[in-house]
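Peer 1: Based on these hints, arrange chain B on the given structure of chain A.
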Amino acid sequence: MLEGAEEMNLGYYPGCALHGSSNDYEQSLRACLGVLDIQLQEINDWICCGATAAHALNHKLSLALPARNLALAERDGLKQLFAPCPLCSMQLLKVQKAVADGNGLRTELSQIVEADVRGDGQILNLIQVFQTIGLDKLKAAVKEPLKSISAACYYGCLLTRPPEIVHFDDFEQPKSMEAVLAALGAKTVEWNYKTECCGAGMTMSSEDTVLDLAHKILSNAAAHGANCVVVACPMCHVNLDMKQAAVEQRYHEKLGMVIYYLSDLVGLALGLSAEQLGVNRHFVTKA
Amino acid sequence: MSRIGIFTCWCGENIARTVDVDEVAKQVSSLPGVRCSVNYKYMCSDPGQAMVREKIVSEKLDGVVVASCSPHMHLKTFRKAAQAAGLNPYLVEMANIREHCSWVHHDRAQATAKAVDIIRLSVEKVRNDAALEPIRVPVTRRALVIGGGVAGIQAALDIADAGYEVVMVEREPSIGGKMAGLSETFPTLDCSQCILTPRMVEVGQHPRIKLYSYSEVEAVEGFVGNFKITIRQKARYVDTAKCTGCGECWNVCPLKKNPSEFDFAMGTRPAIYIPFPQAVPARPVIDKKQCAKLIRNGCGLCEKKCKAEAINFKDEDKLVEEKVGTVVVATGYKLYNIAKEQNKAWLSGYGEYGYGKYKNVIDSLQFERLVSASGPTNGVLKRPSDGAIPKNVVFISCVGSRDNAKGLPYCSKICCMYTAKHAMLYKHKVHDGQAHVFYMDIRAGGKGYDEFVRRAIEQDGAKYYRGRVSKITEENGKLMVRGADTLAGVPVTIEADLVVLAAAMRPADGIEELAQKLNIGYDEFGFLLESHPKLRPVETNTAGIFIAGACHAPKDIPESVAQASAAASKVQVMLAADELTREPEIAAVNEQTCAACFTCVHTCPYHAIERTELRTGRGAFIKRTARVNPGLCMGCGTCVSVCPSKSADLQGFTEQQVYAMVESLA
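Residue numbers (our numbering), protein chains in the order written: chain A, 1 to 287; chain B, 1 to 666.
Where hints are given, some of them may not hold.
Keeping only pairs whose Cα atoms sit at most 35 Å apart, straight-line, the calculated DSBU-like set for lysine-lysine is [as the list claims (entries may be wrong)]:
| no. | chain 1 | residue 1 | chain 2 | residue 2 |
| --- | --- | --- | --- | --- |
| 1 | A | Lys147 | B | Lys471 |
| 2 | B | Lys357 | A | Lys175 |
| 3 | B | Lys334 | A | Lys139 |
| 4 | B | Lys344 | A | Lys286 |
| 5 | B | Lys406 | A | Lys216 |
| 6 | A | Lys216 | B | Lys289 |
| 7 | B | Lys478 | A | Lys216 |
| 8 | B | Lys340 | A | Lys147 |
| 9 | A | Lys97 | B | Lys471 |
| 10 | A | Lys60 | B | Lys234 |
| 11 | A | Lys147 | B | Lys76 |
| 12 | A | Lys187 | B | Lys427 |
| 13 | B | Lys334 | A | Lys137 |
| 14 | A | Lys216 | A | Lys187 |
| 15 | B | Lys257 | A | Lys137 |
| 16 | B | Lys359 | A | Lys187 |
| 17 | B | Lys340 | A | Lys137 |
| 18 | B | Lys257 | A | Lys139 |
| 19 | A | Lys79 | B | Lys406 |
| 20 | A | Lys216 | B | Lys344 |
| 21 | A | Lys175 | B | Lys427 |
| 22 | B | Lys478 | A | Lys175 |
| 23 | A | Lys175 | B | Lys289 |
| 24 | B | Lys471 | A | Lys286 |
| 25 | A | Lys175 | B | Lys471 |
| 26 | A | Lys60 | B | Lys406 |
| 27 | A | Lys79 | B | Lys340 |
| 28 | B | Lys357 | A | Lys143 |
| 29 | B | Lys357 | A | Lys216 |
Non-contacting residues of chain A with respect to chain B, defined by C-beta distances greater than 10 Å in every case (computed) [stated by the list, open to error]:
| no. | residue |
| --- | --- |
| 30 | Ser21 |
| 31 | Asn23 |
| 32 | Arg30 |
| 33 | His55 |
| 34 | Lys137 |
| 35 | Lys147 |
| 36 | Val189 |
| 37 | Asn192 |
| 38 | Met202 |
| 39 | Asn220 |
| 40 | Lys254 |
Rather than coming from a laboratory, the hints here were simulated on the basis of the structure. C-beta atoms are modelled at their ideal positions from N, C-alpha and C, and glycine is treated no differently.
Bound conformation, chain A alone (with noise of 0.2 Å):
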């Protein structure tokens, strides 16, 4: 589908959440890419980005454990990385970005890593894999216009802050996942929570804070006429989709809002099955 390519292999670094509790957003995005010609050429022997435990911890190793993946990556002539999940991909930018900036952080983290870091590839995240096809390419390629969605993009804290370091979108009031929707022939809402946190980690360490987030996040979608949600982060499904149960029980309010990942919605657009998409494996299917 890309330009000057029958079929692309892309650099892909799925992080832990993709191998794990989130894989049914790895199957979708194999699923949906493969329809599209295009190859996920994982990492070889990837390693944890560090996520928010090392940056809370030690400065310089929430650098090197990106700065490593980086490196592979870079070691395996891989100029485009995909990363899926929005936090791994702002690691991996702002390894690039310390990199860039000098004061001789490269050779300090290509020390550490034992492998030169770089850091001139292109970093992805969903989205952009989709602006990188093209979505005039995308449209042409739609065989199921997903008329009966009517979606509220949730682009969640990560997607598009910090902006000094993403450069992605307007971090206030994005709109790069609706223009993706267009595409597809899905209608689009205008909601309050687009940025909002999700409440994130604090999934295992504070539930009750996830439940007022997802709560105010979902009932605002619902508030404004979405009929579902659509997320490109694992986190932000975890607490949208999983706990959407205990949100309902605990407001007594009943919901029902189908969480989709971005490729789901492409991959249904494109002719593909729920099924094959993993989408029948999420906590809140169609009733």
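Peer 2: Same frame as chain A, now just chain B:
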């Protein structure tokens, strides 16, 4: 053999802290050609200048080096002192051992050695100086004022009342500027229109003020005392001489739904319009992008209705020339574009406030129109979405100002005051309403200013929260304003009916192009540069051009008016003289050696060099040559560097001088 005096200054501790002044004075006393070398704590002071004058006379000095600060600071001071003692002022040079030495170094020994070197250069320059005479130029005793806001109006009236002619150029259809649209003004709550419109009428009727409204400065030529200004009169499609301002045309115009510029889109206007009823001149213009006749030859109702036959659909832009001696720039400000403007392209504004997305999030100038008696709601505060009276209004200050990450680093200065005023006016109009103000600091320096803010809080009950707003969302018709009260240490959510953003002040559109036409400086934000922040606050670095009002920096009305009067008085000083003197440090061409290649003519950025011929007394042709017009030359030296036959030279900075200076360091 020259007799040069060296006067080394301590500048209090500014120089003496880092440079051993005594040692410097001792060392330079033995330089060739030096007759005497002294030092003093404040050379620019009266006793210091007296010392210079006394030594010139007693030592019969034929050259002076003052080793102190930048020549920008005090060259004129010492040249005047030398002249008073009978020495040609152009035989005085400054050795800058402050900005170029003491201020930028720490090591005392090295700084002292460098100061000696700097003085050595200046001594060589003086040794090769020639006595020069200032150039005298005639003065056109008229002034141009660019911008017809309160600053421009004040400057124009002051100058005209002093007896000089003024040409005023205003870009909009009417003068009055931003102030004409304000409701009431702090800290006295005078009605803005009541105090401004009589001044506007004075401008319109003044026998010595020639007003070009709906016009812009197209080009500027010439120099101090002798500017030639080309003015573009934009096509108005209304003959202002025939028009009586009766209003039949704008009443009959069917296209009434265009957003009004004067109301900042809070109200509407027809395609043929005057911006507001008190406009000066009270003559309409046709917006050519909206008029059905001009777009597709339809309608034409206004033409049929006009008894004065003033409508002219064939009108075109006209260029007119005016000759003036001085210029006052008073082009004012605009507000930071909240939704779009950013210092980095990938940030697109304060998206979290939803300006442009939620109808009830407005900026402060829009609020002014909503509470102004002349506004679209006749002074009844109605929120834009549905016309309801807002019962909870949130005011957010510093939107764009003082924000390095997202906006501009500077303080816009007036927002604290007008936000307090807004809170107050709101309470006066909606007695059962509540005003909430989010602020970073309250900056209320000024006569009666802090008392005014206290009044808003204590008498009119405005709730002030020190903290920022992080997000505004719309839920069930209410604006949910989420912010922090950092003094109480708690997050705050306010259900508001209207939110007013105090956006940063920025210079008006087109300021940089205008500054380039006028050859005056501007800073990274587009604000015009004054010649000296303390001592020459209304002058620019281009002689004869002055600045007033918010084109210089964020300013309130009292300050703009004060600066405008200051600029006007500078203009009067200049126009009072029969002729002006210009510095003689300009280029000259040796017409005997000039090879007439005219490379200099092509490269001169000021078009100051002309082609001419040398002829004998009887008119016989000798040769062609280039010649410098001393009125136009700015002394940049471009011609000197391009002249292949080395015939062009800069008086006061001759090649001989520069080479002697360089060689003295060898």
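Peer 1: Hints first: check each against the structure and report whether it holds.
Peer 2: Hint-by-hint comparison with the structure:
no. : hint                : result
1   : A:Lys147 / B:Lys471 : holds (32 Å)
2   : B:Lys357 / A:Lys175 : holds (13 Å)
3   : B:Lys334 / A:Lys139 : violated (42 Å)
4   : B:Lys344 / A:Lys286 : violated (43 Å)
5   : B:Lys406 / A:Lys216 : holds (28 Å)
6   : A:Lys216 / B:Lys289 : violated (46 Å)
7   : B:Lys478 / A:Lys216 : holds (16 Å)
8   : B:Lys340 / A:Lys147 : holds (33 Å)
9   : A:Lys97 / B:Lys471  : holds (28 Å)
10  : A:Lys60 / B:Lys234  : violated (62 Å)
11  : A:Lys147 / B:Lys76  : violated (79 Å)
12  : A:Lys187 / B:Lys427 : violated (43 Å)
13  : B:Lys334 / A:Lys137 : violated (43 Å)
14  : A:Lys216 / A:Lys187 : holds (21 Å)
15  : B:Lys257 / A:Lys137 : violated (41 Å)
16  : B:Lys359 / A:Lys187 : holds (23 Å)
17  : B:Lys340 / A:Lys137 : holds (30 Å)
18  : B:Lys257 / A:Lys139 : violated (38 Å)
19  : A:Lys79 / B:Lys406  : holds (32 Å)
20  : A:Lys216 / B:Lys344 : holds (32 Å)
21  : A:Lys175 / B:Lys427 : violated (39 Å)
22  : B:Lys478 / A:Lys175 : holds (23 Å)
23  : A:Lys175 / B:Lys289 : holds (31 Å)
24  : B:Lys471 / A:Lys286 : holds (33 Å)
25  : A:Lys175 / B:Lys471 : holds (17 Å)
26  : A:Lys60 / B:Lys406  : holds (27 Å)
27  : A:Lys79 / B:Lys340  : holds (33 Å)
28  : B:Lys357 / A:Lys143 : holds (34 Å)
29  : B:Lys357 / A:Lys216 : holds (21 Å)
30  : Ser21               : holds (29 Å)
31  : Asn23               : holds (33 Å)
32  : Arg30               : holds (31 Å)
33  : His55               : holds (20 Å)
34  : Lys137              : holds (25 Å)
35  : Lys147              : holds (27 Å)
36  : Val189              : holds (13 Å)
37  : Asn192              : violated (4 Å)
38  : Met202              : holds (17 Å)
39  : Asn220              : violated (7 Å)
40  : Lys254              : holds (20 Å)
In the structure shown, a violation is registered for the earlier hints numbered 3, 4, 6, 10, 11, 12, 13, 15, 18, 21, 37 and 39, in ascending order.
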